[in-house]
Each structure stands twice: as structure tokens, then as C-alpha cells.
Amino acid sequence: MTSGLRKAHRYIWLILVVGIPIIIVFAIKDLQFTDTNTVQITTEEFTKKNAKPDFENEIFKVAFYQNDIELILKKPLKNASSAVYAIDGNNVKMVLGQLTTPGKYQFDVKNTPKNIMVYDEIKDSLITKTNF
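Numbering (this note's numbering), first residue to last: 1 to 132.
Any given hint might turn out to be false.
Label-pair distances were calculated between CB atoms; the ranges are [as the list claims (entries may be wrong)]: (1) N90 <-> E121: 19 to 25 Å; (2) Y11 <-> F107: 53 to 59 Å; (3) A80 <-> W13: 22 to 28 Å; (4) D124 <-> I15: 47 to 53 Å; (5) D124 <-> K29: 39 to 45 Å; (6) K74 <-> K123: 20 to 26 Å; (7) I24 <-> E56: 41 to 47 Å; (8) V95 <-> N57: 16 to 22 Å; (9) P21 <-> D68: 44 to 50 Å.
List time: in silico SDA-like cross-link candidates among lysine to any residue, alpha-carbon distance up to 25 Å [to be verified]: (10) K61 <-> D108; (11) K29 <-> T101; (12) K61 <-> Y11; (13) K78 <-> Y119; (14) K61 <-> K29; (15) K104 <-> D54; (16) K74 <-> M94; (17) K110 <-> V95; (18) K110 <-> Q98; (19) K104 <-> E58; (20) K93 <-> S82; (21) K104 <-> D120; (22) K110 <-> K123; (23) K123 <-> V92; (24) K129 <-> Y85; (25) K93 <-> V62.
Quick caveat, the hints were computed from the structure, so don't treat them as lab data. Yeah, the Cβ is synthetic: ideal placement off N, Cα and C, and Gly gets one too.
Take these sequences, add in the hints, and give me the full structure.
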């Protein structure tokens, strides 16, 4: 390696050592690490609202309100893609949303469904279903 190449090599590494951390800082400064759509809630807060759960099992609680459904996921699901479906009286399924982490989920609905179903889209399997 000639002296010119050594000098260029030194300057390139100096620029990389200084430049890459600066680029990383600017890249991550605007990232949000919390999901703004889901709010973590405890089961005590659920009962403080004087909402009696219409259905409860070891995975989640479901309460129906006038125009929305409140679902509290108690523990993490082992499935990567868990979708929530509302099933009406004619067994027609309507996608409400997706479950990711434990916490409170609210879904807007026009009509109160007959059942709620949590389904794994990837494995094509039923995780749980309410029984009203």
C-alpha cells in the first residue's frame, strides 16, 4: 500500500467512524417504540368502568358497549398473526382487527355480533371463540 492509499484509507475510516453514529442517531430519533393504538390496561381498570364482561376465558375478556367492543388480551399469544373476527347471526365473519401484545383493544362496530373469534391467519387455525 502506498502512502497515498494509506492516507486515503485513514481518512475514509475516520469519516465512517464519525459519520455512521451520526446517521444512526438521526435515523432513530423519530421512531416511536410504543404503539399508540393500543393502551395497556389491567383487569382492575376494566372492572372500574363498571363493565361486566360478556365473555371471559384464560386468554381474553370481551365486553360489548353501544357502538364498540372492548377486548382485553390477558397474556401474549403464541401466534404471529392473530386476527379478531365478529360473527353475526348468519355466520358471516367480519374482520375487526389484529391482536399483537397483551392489553386493551377497542373495535368499532355498527351491530353487536353474536360471537367473537380469534383466528391465526398464517397457520389457518382457530385460537379461541366466544360462546354466547
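Checking one constraint from the list: CA of K61 to CA of Y11, max 25 Å. Satisfied? 61 Å, violated
| field | Whether the CB-CB distance between K74 and K123 falls inside 20 to 26 Å | value | 21 Å, holds
Between I24 and E56, does the beta-carbon spacing fit 41 to 47 Å? 45 Å, holds
Straight-line Cα separation of K104 and D54 no greater than 25 Å?
Holds, at roughly 15 Å.
Practice problem: Just tell me: holds or violated, for the beta carbon distance of A80 and W13 against 22 to 28 Å? | Solution: 41 Å, violated
Practice task
Could you grab the alpha-carbon distance between K123 and V92 and see if it respects the 25 Å cut-off?
Solution key: Between K123 and V92 the Cα gap is close to 21 Å, so the pair holds against 25 Å.
**Q.** Pairwise beta carbon distance, Y11 to F107, judged against the given window 53 to 59 Å
**A.** At roughly 57 Å between Cβ atoms, F107 and Y11 fall inside 53 to 59 Å, so the hint holds.
- request: Hint says 44 to 50 Å; check whether the CB-CB distance for P21 and D68 agrees.
  value: 45 Å, holds
| Within 25 Å, alpha carbon to alpha carbon, are K29 and T101? | 24 Å, holds
Hint consistency between K74 and M94 [alpha-carbon to alpha-carbon, up to 25 Å] | 23 Å, holds
task = Would you check the hint for K104 and E58, treating anything up to 25 Å between C-alpha atoms as holding?
result = At roughly 15 Å apart (the allowed maximum being 25 Å), E58 and K104 satisfy the hint.
Original post:
CA of K93 to CA of V62, is that 25 Å or under?
Top reply: 17 Å, holds
Consistency note: the structure conflicts with the earlier hints numbered 3, 12, 14, 22.
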